[in-house]
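Number of protein chains: 2
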Amino acid sequence: MTTMLPPHLSEQDLTHALDAFRAALGPEAVLADEDELREFRDPFAFAAWDDYTASAVLMPQTVEQIQAIVRIANEHRVPLWTHGAGMNNGYGGPAPRLTGSVVVSLRRMNRVLEIDEECAYAVVEPGVRWFDLYDAIRAGGHKLMVSVPDLGWGSVVGNTLENGVTYLPTGADMASSCGLEVVLPNGEVLRTGMGAMPGNKAWHVYKRSLGPSPDHLFMQSNLGIVTKMGVWLMPEPECYMPLWLRVWNEDDLHALVETLRGLMLDRTIENVPQIWNTISFASVMSSRALWYEGDEPIPDPVIDRMARELEVGRWMMRFALYGDESVVDHRFAKVKEAFGRIPGAEVWGEKCSPDAIAGLENPHERVQGGVPNLDINQMTGWYGGEEGGHIGFSPVARLTGDDAVALRDLIRGLVEREAGLDYAAVLIPTNARSFIHITLVIFDTKDEAEARRAYDACKLLVREAAKDGYGEYRAHLDFMDLAAEQYSFGDHAYRRFVETIKDAVDPNGILSPGKQGIWPKALR
Amino acid sequence: MTTMLPPHLSEQDLTHALDAFRAALGPEAVLADEDELREFRDPFAFAAWDDYTASAVLMPQTVEQIQAIVRIANEHRVPLWTHGAGMNNGYGGPAPRLTGSVVVSLRRMNRVLEIDEECAYAVVEPGVRWFDLYDAIRAGGHKLMVSVPDLGWGSVVGNTLENGVTYLPTGADMASSCGLEVVLPNGEVLRTGMGAMPGNKAWHVYKRSLGPSPDHLFMQSNLGIVTKMGVWLMPEPECYMPLWLRVWNEDDLHALVETLRGLMLDRTIENVPQIWNTISFASVMSSRALWYEGDEPIPDPVIDRMARELEVGRWMMRFALYGDESVVDHRFAKVKEAFGRIPGAEVWGEKCSPDAIAGLENPHERVQGGVPNLDINQMTGWYGGEEGGHIGFSPVARLTGDDAVALRDLIRGLVEREAGLDYAAVLIPTNARSFIHITLVIFDTKDEAEARRAYDACKLLVREAAKDGYGEYRAHLDFMDLAAEQYSFGDHAYRRFVETIKDAVDPNGILSPGKQGIWPKALR
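As given, the protein sequences belong to chains A and B, one line each in that order. 56 is the number that the working numbering gives to position 56 of the first sequence; each next residue is one higher, with no gaps. 189 is the number that the working numbering gives to position 189 of the second sequence; each next residue is one higher, with no gaps.
Only chain A is shown next, with the shape it has when bound in the complex (with noise of 0.2 Å):
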């Protein structure tokens, strides 16, 4: 076995870094074999390619296991790289940006700590998948709902952490987390919010405090390992109506986009919906051979067969009503006129008892009730390949006609122009004023040429839209570089703000080194 060692660090100054990490954990928690290893890489990326490779793997179980990991990382100048279940597939899995890091990773910290039926609250640590708050709730006999995401098996507070998107009003405009326990680099434990205060019991219902608020400084960063979060949990209502809008033409975009908004604003409708284009909802329902046979990006008029005999139209939404059922009554009426002014198109969905939710067969429609599951995962199948996988290109826009149809065709021409893909498309409106516009770009793993078109495809879009002034939510390790690279304004200024507060709170830049593009001192 090759051991993949980080920057600046000897096989023997790992092996020492790893004896110290066994004597603080225990062994069992120190994986290092390569067959341990495997399944810490990138799910989907290409098996000989070896970027993104761990040295090894810590699964500690307390804070003060955390505590002493970042320690031990100081004293030995080891590289760390967090994560809390490791799902986050698309975007690099449980992967480190760094070759070489010693993966954290909090699996096993999956105790819910506190369900708060009073304030509609539950307490995580970060091993908490969907599925385990999801079963605490149940189990707790709460009537009480978690806004989930598409798949299940995620950790509530890494998915979190990543601003992932999740579906229930609570979800909306990524809302939903109110107060973080933080291990700093440098080992202290940080509360945010009216956590600060010993005995406060605000800390997970009000989202500030005295002085700035830090919490999102740990999203998407690598400036502190989060170890409790507070979540927002809905009550059930009276009513949840699941709702399907179906359109049959690609330029119905424009006016469902903007009728969507006005709904939106209204808070008519209040969750956040999903727009998905034909291919994307195919590659969940079948596989590409079955439509076409040709290597290039299947045609506009066999799209227009798929949507008629998938029955899934040019673009379909799906979106939910909750509340008193005369509410839902009144907004299900009013949401069916007002996109009925578009020619053709259809809305329809059935009112539902809280209770019933588990039991639906679609799982769209138990997502966004709050339940969690993984049947929209089988997307990646799409070429044909054992293992597809895919990787998301995923740029913010106005929630508008204008610029979804701007987007669309701007993706659209480069994935099928320049990479020959087909494009497949799920538009996320996480608030009544933006959209993200995840662009699925699947590809078959095992296929190298064709995976590296995929990679090639995604950087070219990075750049193209940004030049048109869309930024990407997230980014995929293999391009976070260059996603962040683009938020330039004012000669890199907001770069060097965070650069610099990393370099004050992580001067040996320990953890996660690269994570969104913010590099320690040294590997600048």
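It should be emphasised that the hints constitute simulated quantities derived from the structure, not laboratory data. Just to be clear, a hint being listed does not mean it is correct.
Put simply, identical chains are the same to the list, so a pair is met inside one copy or across any two.
[Said to hold, decoys possible] In silico lysine-lysine, DSBU-like type, Cα no more than 35 Å apart, as pairs:
1. 334 with 521
2. 467 with 446
3. 446 with 459
4. 201 with 334
5. 521 with 143
6. 143 with 201
7. 467 with 521
8. 336 with 143
9. 336 with 201
10. 446 with 201
11. 143 with 334
12. 351 with 334
Take the given structure of chain A and dock chain B to it, following the hints.
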């Protein structure tokens, strides 16, 4: 005239610095006469006290001038203290924490830079007052409402940066700002969020970007001078319904709060209510001498008489509904039914079209309708002095009946027993899970002994409330350090973390030394 010098600076040093400021900004932008400086003192401080006095005031008009100011301040080691409009009354007004600081008043940077009807937001400079933004929206014919605080004379940016409360649904959870431009202590211009990408149009519609989000680091902060801010606006609803809830027993507070939390958690009430006690209302509507001659706190039977005669009950809550008329009707019936379970409780109000809000007689109904005014400022005359004032003690608590009653008992007990003052309270649930208990400690600013007693009472409150785990959301200059001192978890890990950032980004400690208890290295 005696110039108040900052620490470590001679009169000559200051003169040189002021000369440099005059050369950079023009002489009319540098105020240093005693008369000119008077309006930049704490308006409610006893006149002879000379704490918190500025040595000069600068009135820049452009970002470039602010860059010049921080450059000169670094060269001459001059401490600055920034305000927007400087109407932070109750917490020290425009006065600096550190005597001798040069105040940077942003009152002349008062342009509304943009009103975006499509995505419902405005972009403002820091000198723009709520009145100005409201006027600009009206003048532009926009069908948009701005979430305003109780007094319209303050700065939109200044109020927001102090975590100030506003009352429309867009103001809930203090979530209405989006995207900052900041002059850093080194003179660089930082744009947060998507603004860090040149030409990005999502700056004021999406609150994060790639990497850590520093926006909330600039709230209640001395880490930068904010020069532009986006503020989300609300499209005019079909129907606006300001409402009142009145209860007659002091202990009805428990049931009121319990009921309210349920109605906020399920989004029946979407705005930020205010719950006033009898004395608070009486202070706006009358003067104390009308009710009671004694020096000791007004006893309960007299409060009951005030409650009856002023028709404000022992507690009265203002709140409002916004939306389609049928939804408002449903919610009004629901609210009436829910609060109706409290014996003797009454709920009333009248529906209003958005066009008619400015004509409403009751200032509270105008505030919740987004029409700024100054009507409730008259509360300061309670103790009958020519020039009344108040200071605020403002802890945060969980929005539960138990917490509301416990905090009331604690604060009322101390205010009455230790300070001999009346207990004037306004409880503000800024979200569905927490509230701020604004304690209005009202006194005659011409009576030194009474003023001293009010200050002493607040300091006692800070200490005693912290023992029970209640911390302030904002603090007066005179007890900022004390309030910050209570946030001591991890042997002051929070303060040390912010100080570390402060030292890194502002090594000369020029920006607002002492703000919320954060001092630069040389002054710790």
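Against the structure, the hints come out as follows:
| no. | hint | verdict |
| --- | --- | --- |
| 1 | 334 with 521 | neither (55 Å within a copy, 59 Å between copies) |
| 2 | 467 with 446 | within (33 Å within a copy, 62 Å between copies) |
| 3 | 446 with 459 | within (20 Å within a copy, 68 Å between copies) |
| 4 | 201 with 334 | between (41 Å within a copy, 30 Å between copies) |
| 5 | 521 with 143 | neither (49 Å within a copy, 50 Å between copies) |
| 6 | 143 with 201 | within (22 Å within a copy, 40 Å between copies) |
| 7 | 467 with 521 | within (29 Å within a copy, 42 Å between copies) |
| 8 | 336 with 143 | both (30 Å within a copy, 24 Å between copies) |
| 9 | 336 with 201 | between (44 Å within a copy, 30 Å between copies) |
| 10 | 446 with 201 | neither (52 Å within a copy, 39 Å between copies) |
| 11 | 143 with 334 | both (28 Å within a copy, 20 Å between copies) |
| 12 | 351 with 334 | both (15 Å within a copy, 21 Å between copies) |
The structure fails hints 1, 5, 10 (numbered hints given earlier, in ascending order).
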